[in-house]
Structure formats: structure tokens, C-alpha cells
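Chains V and A, in that order, are what the protein sequence lines are.
Mapping to numbering that gives the first Met the number 0: the first sequence position 178 is 177, numbers consecutive.
Mapping to numbering that gives the first Met the number 0: the second sequence position 448 is 447, numbers consecutive.
Keep in mind the hints are simulated off the structure, nothing from the lab.
Bear in mind that the values here come from a model prediction, so they are computed numbers and not experimental data.
Warning: the hint list may mix true and false statements.
[Stated by the list, open to error] The list that follows gives simulated cross-link-like pairs (lysine-lysine, BS3-like), each with its CA atoms no further than 30 Å apart:
| no. | chain 1 | residue 1 | chain 2 | residue 2 |
| --- | --- | --- | --- | --- |
| 1 | V | K320 | A | K39 |
| 2 | A | K363 | A | K413 |
| 3 | A | K256 | V | K224 |
| 4 | V | K224 | A | K39 |
| 5 | V | K127 | A | K256 |
| 6 | A | K413 | V | K49 |
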Amino acid sequence: MTDYLELTQDIVRRTAARGVEAEAIVMDRQETMIRVDRSQVEQLLRSGSKGLGVRVIDGGRVGYAYTSDLTSGSIEETWQAALALARVATPDEHRALPDPQSIPDKDLEIWDSDLSGISTEEKITFAKQVEEATLAYDPRVVMTNRCTYEDESVHVYLANSRGFAGSYGRTVVVSYVRGIGRDEGGQTMAVGLGVSNFYRDLDAQTIGQEAGQRAVQILGGQPVKTQTGSVVFDAMVTGEILSYLSMALTAEAMQRGRSFLIGKMGQQVGSDKVSLLDNGRLKRGLVSAPFDGEGVPTSATRLIDEGVLQSVIYDTYTARKDGVASTGNTQRTSHRNLPQLGPSNFYLQAGTFSPDEIIASVDRGLYVTRIMQTGGTDPITGDCSMGASGLWIENGQLVRPVSGVTVATRLSNLLQNIVAVGDDLRVVPFRGSIGAPTIRVEGVTIGGTR
Amino acid sequence: MIPKETATKVFSAALRTGGDLAEIYVEDRASLSLRLEESKLEQAVRGADRGAGVRVLFGNLAAYAYTDDLSKESLLEAAHAAAAAAGGSSKTQVIGLTRRQSPLKFPVLKPFDSLSVADKAQTLHRIDETARGYDPHVSQVMAGYNELRRRVWIFNSEGLYVQDDRNMVEVRAMVLAQKDGIIQRASQGFGGQTGMELFDAHDPVAMSRELVEVAVKMLDARPAPAGEMTVVINNGWGGVLFHEACGHAMEADYVSKGSSAYTGMVGQRVASPLITAVDDGTIPGRRGSLRFDDDGTPSSRTVLIEEGILEEYMWDLVEARRMNRESTGNGRRQSFRHMPIPRMTNTYIAAGPHDPEEIIRSVKKGLYVKRLGGGQADIAKGDFVFTVTEGYLIEDGKLTAPVRGASLMGNGPKALSEIDMVGTDFALDPGQGRCGKGQWARVSLGQPTVRIPRLVVGGTEDISGPIGM
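The shape of chain A in the complex, shown without the other chains (with noise of 0.2 Å):
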């Protein structure tokens, strides 16, 4: 992409205000997204983007710029205006470059052009006509496709270079259906690092018929309870909360300026036995894997928490120098407009020892989470809020009335300790997680059925009375 004697060159020029590290980021991104709504295939964009940025690491500061052109003197000019940001004099060797090839092997069976664009917006024209025949009150559908090969190369001046392809492709669906003026919705999406052979695993058009159904079910749903009770979440995409309540605090950065509920907590319980997290940007086919992260570390498996004992946090190049110890290979940016920051690949709580139909038989009075929207945490109290998108109350262990408008508040490391019921039923979600700080990444998740025994409800229907505080 660029020659080894161009890098040598931009190395020199970036470290000679006294960097310790120069590292160059190429990335050449090509996609391709359709989108459908009212029965009308209404966008079909293709993008091309290129570019590098250079880094430079002083201490505890980074500094980075980055350009859209790669020639030599625009890759120079970048590696000035980042050396710019310090003023002391070249103290850095700059080691000769030596490839480093990945074990790991993501293979892409089925090349993105194996479809044609028409085929391709035939799977969203599909999705659109099933959920429409499917039931009289489906108001609108919406559907997606998006493409994504992203090929990045990494040098430094400690002599790394490494090449990495990504292949990202997803399907997403959202429907409507409407009934006495009342609005509901469902949506889902499937996706991976792979090629068309995602659609020989995901099927779009059962995908359509579910949406449907919640959709649908959803318009008789009453309003949620408010107040603290019971919840049993579902398994699969319901490890979101686990990403968004804890796998953020343990984020090398939060963790390493003390902002986070989980500083200096290596070695001590912070969650219940029942509960082992993991996080491994290994997995074939996932959408948070990567051979190397955006740092060029090799990606790795990282056992956060053993049976409730805090083990390890996700670590970057920067906060791992800072520490002086290895990275985790959790070093992940946007594109090359963006500098890495410690980010989660694919994280997941792993199977516990609960049949899962007997933790919704467990609870007496309670909420049973089938499908969890988005979420917020904030890291530094450890608060979580969720919406749910798919509820039914549980009463005397029986899953009765679907109920809407609901969220779900909580506090990540106690919720952690709390948790008393972990299924057998482990399940990574569909691939259609996408985490948002300050910059996104595709990522992925996984939980079995947990059953968590106080959290507040934030519905509408005050089951307390009126009562002052």
C-alpha cells in the first residue's frame, strides 16, 4: 500500500520532536448500502474511502493527524503536524519493518460480488412482502443491507507491519403495525464478518414473520408496571446489558484514570459465582473479531470475570504502555479519521447451571425481558438503563400479559452480584450489535437466561399507590 522506505521516512519525520512511538494507519474502505421503506427500494449508495492517519505517542500523550491522500508528502505532512503537538528532539530508533501474519483465519466463502445489487435488494423486497402478507395490521416496513470491506494496514516504528481484511456484512429489518391509533414496533438484524454465506445461516424471511408477530402482540401489550420487582432476561442479545452495565467500566481507560466502578479490583469477587465473562475477538465469523485490533496487536480471548472474580480488564497499546504490561488486543477505531481506544470485540456471560423454563417458574411476581432495545451506562456509578422492546409480566412462574413503554434501571456491578439464576441455554445474539464511544464498532454478545432479583421498572402504571416518599 505504501512502501517501507515512504513509512521509514514518515517515522522519522513524526518521532523527531521526541515521540517514543510513530505508527501509520492505511485504510481503504469500499461499501455498499440499500435501503427500503413503503414497499420501495429508495436507497442504494456505494462509498469509497480512503485514507491513513498518522500517530504519534509522547508519554502519556497521543497525537494524531490524518490525511485522505496517500501520497508521500501528504503521509510527511501528516507526520509534521502530529509531531507538532511536542517540541523536544529526536530520541526514538526506528526498527526495519517485519510482517506479521495472523493465525486466525476469517474466511469469506462467498465473495460480495457472488450477488449482483438487484439480488441483493431482492432480500430486502422479500422481507418487506412477507411481513406485509403476513398480517393485515403491518403499517410499515423498513429494511437495510449494508456491505462493509474495510482493508487496513499498520506500521510502527517498533518494526510491526500488518495487513488485515474485514468483511462486514448485516441485514436489518424494523415493522410497524398499528391498530385503534396505537403504534408498535419490532426490530432485528443478522449479520458477520463474512460473505453471502451469511444468508445460508440467517433466513430474512422468518426473520420478517417474527418481527410481525411482536410487532402485532406487542398492539394488545398494557402499560408496564413501575417500581422495583423481579426480571428474567432472555438469552442471546440480552448480554447487551452485561456490554453496556460492566464491559464498559472495564475498558482499560476508564479503568486506568479511576473513573470506573471496577479500579484496583483484580483478584476480588465482583459479581456473583454464577457468573463468567468473557471477551473474544477470536470467533470466526463475529462482528466484533479481528486478527489484529486497530493497534496491530493480535486479538485475543480475555476472561474478564471467573466465577464472579474480577480477572482482567480490555487493554489498548496506549493504556497498556501506560502500565507498562501487553495489550489485550482490544484497540479498536472507527476508520482512520479516528484514534484507537479500548473498545469490547465479542462479549459474553457463559453458561450457568439453570434450566432456563424454571427461572421464569422461579418468580412469583415479575418481568420476563424477551427483547432488549438499546442502553446506557454510566460508567463511573455503574447506573444502566435499558429499553425493552419485547415484555410480558410473569406471574406465579407463568409468562402472561405482554406489557410496553417499559425500561429497565439498574446498577451494573450490584445487578453483577445479584444475578441468582444463569442458564444452560448460552446463545451469542444475531449480529446486529453496534456500541457507540464517541465512535462506533461493530460488536457482538451473548448471554443465557438470567434472572436478576431486584430491578426498577420504569413503566407507567404505578402498582405502589399514591404515596409520597
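Looking at chain V on its own, in the form it has when it is part of the complex (with noise of 0.2 Å):
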């Protein structure tokens, strides 16, 4: 077998030969995606595949390739691609590879070694057990939609010319349900979720009842006259909301003018309950690694602390343009894409009351289960507008199920309006992977009926 870190050295000395500075990447990767309907098996996938990424800087020229073929003559014809390539891109002082650093010797769990001893029959079980889960929470739930287990186990290789070299293997198991409700009132979808770096992480009975649980609340839900008020949002849509909005909260972002937060730094954003942190060394964190996608050691980063910004997320280019180091953020989600600065594991600190302690404190207002949007909410203009389905509250009490109605204030609003946090933090893995809770927030136009 090929050792693939060796291979990446041998690129980037070779390429780096030409007067350049080289970055190479080899991802290896072996996937399985299992999708039951009505107890069969559906669709089956077992397959494993690699490839090789070689990045280019040029006199702050940066030129990219990548191939799937890793036989000798490709791999040249790759990193040759790479060299043409930067010659037309525009220089930029600050596009340098990182100096090597020293990466913390720290297991972050995120290796299942008993992962590739599972056997496909028993992961077939488990998809098996989702769907059971899911028709078994009411009888209403008429049938399910993608029911899907999927793991993923990468092997990523990555050296540079400044002498880095390092390498790590992560595993990565979801499971997924839409569970399909139905009564004479018509049909409604929910889904149920779970995910985790360990297979016996995951619980088949908690992710089909999610769903059911999901679908069967919403059923014959009824629009509410358009107001303006309190709106909870439960934790897997708080979840959501909060992967538009990491995006704010990066130096790209921010160095061009694509934040809602631009200016802001410093200052009081939301309110005192709002804590907002990415951290990419967190112990079982979905996406944690020991150094990010160009090679610097991860790390964590409170980014609004009791509501004030405080910090942005960082690779070595922006950071370099700011004059501060890398937070080590910089993302390779495969070896096709050019290293980017993104979110690690990103999540909202969770608070001290349960989700019904929070629902029980609103007099009136919408408990939030689902929300509908693409774009609705947007980190550069801040604008939040989306479909929404849940739960009428009236007196700390859930009264009747909404839906066919649109919640929209302003991001910056939304994070200046949370008055309630929930301690029932999870993890979510929508753009990288996202933690957080119940939220309460104030002050949410609810679109809906004359």
C-alpha cells in the first residue's frame, strides 16, 4: 500500500523545486449509505475512493488542481496544472502557506476503531430499527421518506513545502429519518436526526421517534393571524438558524464586507445570554481535527461572549491580513476544494432552563419545530425571513398546532431578542456541525392570515 504522506512530501518537494511554494493533500475515504422503505432495503452503497489536491503560491499567486488518479504520470500532470494556474491569478501579499507548528498531542476521539468491524447487515439492522421507530410512535405516521444510515471513515494527508507534515483519520455516523404523517387534514414531514463520531452513539428508537414525534405534532396545523411576538425555537432550528449565521462571523466575511456584523467588533450584538463559540479541538466534536485544512493546529475561539463580538474565525490568509495568527479554521471538506475558512464545531453555550421550563414562561406566542428557508436568512444583509411550522402557545401551554405561516425579524434583532436559552444543547451537522439549544426570542413578526 501506497503511504500516502509520503506521497504528498514527495509532491510538494517536487513541485516546490520550481521556485514555488507547494501544499499537498491526499484524502482517502470509504463510505456506506443504507436507505430502507416499507422494511426492504432500498438502496445500498459501499464504496471507497481517494484523491489528491495540490495548491500553488506563486509570488502570492495561488493556482489549484486535483485528480482522482494517482498514478505517477496525473499526479505530475496535476501539480503542473497548479503551476500554470497561479501564473493567471492576481498576486495578494498575504497568501503564504503556514509555518509548521506544533500540533497538541490530544486524542479527540473522533476515530471509531470499531466502525469498520461492523458489519453491513447490522447496519442495515439499524436503519431497519429507524423506520420501525419512527411508524411506531402513532399510528398517524403513515409511512416514512429516506430513511438512511450513512457512515464515512477519511484518512486525510496533508504536507507543505514550509516542512509540515501530518496526517489523521476521523469517522463520522448519521442517521436520518422523514417520518410522513397523515390524518384527514392532509399530510405533514418531519425529520429525525442523529449523528455522531461513534456508531453506538447512535439510537435508533430516539431518531425514529424524533421524526414521528415531528410529524404527528404538526398535523391539521392552521395558520395564526399575522403579529408580532414571542417565538421559541427548538433546538434542531435554532441549529439551522445558527449555520447561516456562523457565516457572519468569519475575518472573510468581515474583510469584505460581507457581514451583517461588519463594525461591530467590541460592541454589545446580543443580548447577555448569547454566547457563541467555535471550537475545532472539542473531545468527540464532529468535525474536530488536530490541525485544520493547511496544516495549524486547531483551537478554540469565543466569538460573542455574553453578547459582545469579540472575535472572528481565522485562516493564515485573513489572519495574516489582520496581523494575528490563524484560529485554525480553515476547512477541506474534499480533496476537490481549495482550503476555506469556515466554522469548526460552532455552537450557541447552552443555559439553565429546559425547554419546557422556556415554553411554560410565554403567555402567547409560536413554539417553532420547523422552518423552511433557502437564502430566507442571510449573514451578509442580515435579513431572517422563513416558513415555519410548530405549536401555538397560550399560557405556558401548547394549544394547537400552526403552520403555513413565515416568522422574519433582523439577524441582528434575533441575537439582541434571545431572553431564554435552553440547556438542551445538540449537535446538528449543517455546514460543519452546529451546537445549540431551545432559544426564546422577542419581538418576531409572524406572517400569516388577515
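Got two chains here, separate frames each, mind docking them using the hints?
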């Protein structure tokens, strides 16, 4: 078997001999995907693939090329292509590779050594159990959609011409299902989801029940009248909103005017209930890694502390521009992608109230368990508008299902108007890994009937 | 690409456990992508990606394995991996391969390499310079160029052998404008299955100016209203609403399982008599066009709805076999790493009888949606949500103030039944559509101007006053 770390070092040496900076990455991936429907396996995929990406920096000009063909001729073509492409790029003095730093030797617990020993049959059984649990939740759950089990084992090998060389492996296991609820009033659909680095952490019952419960509780939902008031977002919905918000908290978004938080550093941008963190070294963090996509040690960054904007996340380029150190936030999702600055394990720090206590605190408002949006929450303009379903709250009680409404605010108002944060932090794999609890927000416009 | 004898051996291996059909999908991809921001060409990426997937169908089960190595050994290994999904014994005869040709011509007049990488980069620089020179409020310009050549070979154990070349080019731009702490954005793209003649039909400079005009105009937009109102949606890209809110629910996988709101509705009225909707994968040059789909089925034109009556769904091979019928050629996959699933190609609502200006004049109080952003729909319930990226109030039949921060929420089947005016101004979109359904697919869409009497507009401006439920 080829030693891929040695291969990347060799490619870097040969490329750098042309008088440029060079970086090479090999990603070697094994994946399994199982989809079941009506207790039958519908799709089964088991495969592996690998690929090489070469980044060249020639006098501040970046070129990149990749290939899935790791034969020597193709490798040579790839780094030659990267060299040639760098010549058409515009020079930028801040483009450079990072110097090697020592990588803390701590077990991040991101590799499930049991996973390779788990048979496909066992994984199929797991997916079937998820479907059973979804349907068993309530007779009104009539079917499932995309009942899926997936796992992935990735080995990353990275080297650069400044002398960095490192590798690590990471496993991720995810299972999700959509429950379809039906009664005389119509159909609903809702998702149940479990995700971890470790197979044994996933529980088929919990995933299925969640989908069933979410689908059934919004059956028969009707719009409410248009009004402005209190909204409680459950943890999964909060996670979805935060995944958009996270894009406004990168140095790139700030430096390029692509954030509604531009010019707000050091200011109170949220209520004192809001503390947002990014931690690439979180133990059992879904996307944790010893070093980032360009070989910089990962770290923990406090972005918003009790409402005060304190920092953003950096890669080497944006850090050099601001004269600070990279926070180790370069992401590499595939050898086909250039290194990209982005959140790692990004989360809103949990509060002390249970979700039930938060709901009980609301006189009248909307408990949102499902949102629909594509670009309605905009980290650039700060607009925030989405379709919502959930339950109406009256005197602290959930009284009736609601659907077909919109909820809208400005992201800046949303942060300022978070008046309660739950203790139920959960992780969702949206745009990396987002951790979120239930939140209560005031002053949200609910759009519905006249 | 792979010898016929190898294909036959792979089929035998794939079918040894009782499969009904075995297939080899070989793909060779070459891409170039360029990105500009901060007036700098920052990213220039070339990619080479090659591999094959072996699929075996056992009744309703599809097993798949892929490899990025096209050697006979690797293909056989993939065949064994896919075959391992079942435990029966061989029962299916392998039929000799016959090459099929498509009558469709998708000519490329000017090959990708007829322009240098520097020339392509120059287009992005021109978009940037145009925008920055056009208005002082422009604060950022992002522009991108992508080209992708996909060569695919599809073989199956029923004797199918097709080859297809797919050339995709696209240009995208986003302009940000900033004033008094407010940021607005506008984005658009154009592209298609063509060569460099794309630039003869589209003017990047004109697109750049238009984006600046929109972003700057939106700086003075007021918050959108909230609540139910009449909505008029512009032609062209506005067809994304039908695509998301109704089109997906007409894809055979959702239909055959009964999860779609349109299950069992063929022959029934599902839309206003003004609505005729079509999925057509055969239009030359469009992003969703295919000579053969990714099952190897010839692409076709499918009338989904004719004058309000549901006529047909969109089928791939697996769903068609399940229902004992023909595929409509809608099986698509993102790459050899994916199994094909039913997808739309170029999907549109056909022209109607109404003068588009008359449609706007007919609205006393409502919202005119000039540009829609992305959208999402719930297949089971049919609810949809879209982001309005350029919208204006309609007051007494006239477009008045621009509004920001609006989404549109409605129910697809309901909105389709209620559409009461359909314009004469049919247009396809400029070629910017990308659809996600677990896998990405390039699509095209279109429609004339349409009027929907009642949708929920999700702005922040509560026009109803503070009353309860």
C-alpha cells in the first residue's frame, strides 16, 4: 500500500523545486449508505475513493489542481496544472502557507475503531429499526421517506513546502429519517436525526421517535393571524438558523463586507444570554481535527461572549491581513476543494432552562419545530425570514398546531432579543457541526392570515 | 472506454447473486473554475475526475459500488461488492451490447480551449470593473466561471450501450452595495450546454450593470410587509416556484411511494385551466438537457400538466421498472459516485393569454416579485418557501416602493389551482439553476408572468396591528 503522507511530501518537494510554495493533500475515504423503505433495503452503497489536491502559491498567486487518478503521470500533470494556473491569478502579498507549528498530542476521540468491524447487515438492521421506531410512534405516521444510515471514514494526509506533514483519521456516522404524518386534514413531514463520530452513540429508537413526534404534532396545523411577538425555536431549528449566522462570523466575511456584523467588534451585538463559540479541538466534536486544512493547529475561539462580539475565525490568509494568528479554521471537505475558511464545531452555549420551562414562560407565542428557507436568513444583509410550522403557545401551554406561517426579524434583532436559552444543546451536521439549544426570541413578526 | 468483454465479465459477476439488471456507468470529468473577489482573480482550479459505478437491481433494491480505478480488477471488485447485497443465484442472461445513437444534436461551436484561461479570467475582471465603475455604492463584487466536460459511457446487461458528451459552461456574479450601514446584494448567472459561443449570446457587462442597479435600488427598500396578499411573479427564473413547489412532487420516487401530494392524481384537475407545465430534456443548449439520461434512456419532452389536468410524472429506470412502464428519461446522477434518481431537466409553465402589464394593473394592493432567490418545498404537504431578492409593492395597479427581507410562503397544489392570470411573455431562465436533492443537478426553468391571488408574504412589517390569534 502506498504511504500517502510520503507521497504528499514527495509531490511538495518536486513542485517547490520550481521556486514556488506548495501544499499537497490526499484524502482517502470509505463510505457506506443504506436506505430502507417498508422494511426493505432500497439503496445500498459501499465504496471507497481517494484523491489528490495540489495548491501552489507563486509570488502571492494561487493555483490549484486535483485528480482522482494517483498514477505518477497524472500526479505530475496535476501539479503542473496548478503551477500554470497560478500564473493567471492576481498576486496578493498575504497569500502564503503557514509555518509548521507543533500539534498538541491529545486524543480528540474522532476515530471509531469499532466501525470497520460492524457488518453491513448490522447497519441495515439499524436503518430498519429507525424506520420501525418512526412508524411505531403513532398510527398517524403512515410512512417514512429517505430512511437512511450513512457512515464515512476519512484519512487526511497533508504536507507543505515549509515542512509541515501530518495525517489523521476521522469517522462520522449519521442516520436520519423523515416521518410522514397523515390524517383527514392532510399530510406533514418531519425529520429525525442522529449524528456522532461513534456508531454506538446512535440510537435508532430516538431518531425514529423524533421524526414521528415532529410529524404528528404539526398535523392539522393552520395559520395564525399576522402579529409580532414571542417565538420559541427548538434546538434543531436554532441550529439551522445558527448555521447561516456562522457565515457572518468569519474574518473573510468581515474583511470583504459580507457580514451584517461588520464594524461591530467589541460591541454588544446580542443579549447577555448569547455566547457563541467555535472549537476545532472539541472532544468527540463531529468535525474536530488535530490540525486544520492547511496544517495549523485547531483551537477554541470565543466569538460572542455574553452578547459582546469578541472575535471572528481566521485562516492563514485572513490572519496575515489582520496581523493576527490563524485560529485554525481552514476546512477541507474534499480534495476537490481549495482550502476554505469556515466554522468547525460552532455552538451557542447552553443555558439553564429546560425547553419545557421556556415554553411555560410564554403567555402567547409560537413554538417553532420546523422551518423552511433557502437564503431567507442572510448573513450578509442580516435579513431573516422563513416559513415555519409548530405549535401555538397560550398561557405557557402548547394548545394547537400551526403551519403555513412565516417568521421574520433582522438577524441583529434576533441576537439582541434572545431572552432565554435552553439546557438542551444538540449537534446538527449543517455546514460543519452546529450545536444549539432551544431559544426564546421576542419581537418576531409572524406572517399569516389577515 | 472499457472493452466489451470486460463489461460482459463485470455483468456476470454483478448478477451472480440473483440480480435482474447490472449496469456500468463510466465517467471522465475535466473541469476549470475561476473565482474573482476584491478585484483579484483569487482561485484558479483544474480538476480531473474519473471513475465507474456498478449498479445491480434486485427487485426494488438497488446496490451500488464505485471505483476511481477503471482496471478490470477494480470493476470486478465493484461488481462483487454490489452483488453482495443479495444472496441468491444467477438467473439473468447477459445480452450483447449494441451501441445506440441519439438523434439530438447539442453542438459545441467553439470548444473550451478556443479561449485561453487568461481570456476567461478577463471576463470576470470586466464584470468587476464594470460594476465598480458604475456606482460608488458598490462595495464588493464576486464573479465566477465554471466549465465542466463530462464524458459518460453507460452499459447494461440488457444490451444497452450509450455514450454522451456533456459540456457545461457558466458565469456567475454577485454585487454588494452598501450605504449607511445597510448592505444589499444582487446575483445572477448565465450558462448552458455549449462551448465558448455562450459569450456571443450573453453579455457579462450588461449583466454586471443590471446587478448594480438592483443592489443599489434595494438599498432604499423598505421592510417587506407581512401577511396574505396578491403576488405577481416575473417571467423566466420565476419558474423556480413551479420547479420546487410542484415539480418535485411529480418525480416518480415521491409519487410511487405515496409521499407526494400528487400521488394517484393522473387525469385529475390539479391546476387552473390556464396552466400547462412541461419537462423537456431535449432543448439544445439548456442546462438540464440530455441526449441520454444517466440510466441510458433517451431524454424526452413530458407534458406534466395540460390545461390544469395532471398528465404524467417524471420517471427514471428504477421507478419505471417498479411500475412496469417506460422511463421518461429523467434518471440523473451527480457523478459516478452516485446512483441515479428521478430529477427534473428543463421544466416550465407554458405561455397564457394575459398581457403582463395588464396583470400588474389588475392588482390593487400586492407584491411584484421581479427576482426570486432560492426556494424549498415540502413534498408531503406541498408547502413552499421562497426568498424574494427583488420585490416591489403594487399599489393601485402600479409598481411603487422596493421592499426587502421578504419570503413567500404558500402551498404548491393550492397556488397552482388558484393562479388566475398567466402572461403571454414566456421565457426560460438565463441558465443559472442548480437543484439539490441529496445530489446536485443542473436544471433550467421558465414561465410567463403569473398572478397568484393569495400567498403569505413573510416580511417584518406587521400591517395588521397587534392582535392575537
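Structure-based check of all given hints:
no. : hint               : in the structure
1   : V/K320 with A/K39  : holds (15 Å)
2   : A/K363 with A/K413 : holds (22 Å)
3   : A/K256 with V/K224 : violated (35 Å)
4   : V/K224 with A/K39  : violated (49 Å)
5   : V/K127 with A/K256 : holds (17 Å)
6   : A/K413 with V/K49  : violated (47 Å)
Violation of the numbered hints given earlier is confined to hints 3, 4, 6; the remaining hints are satisfied by the structure.
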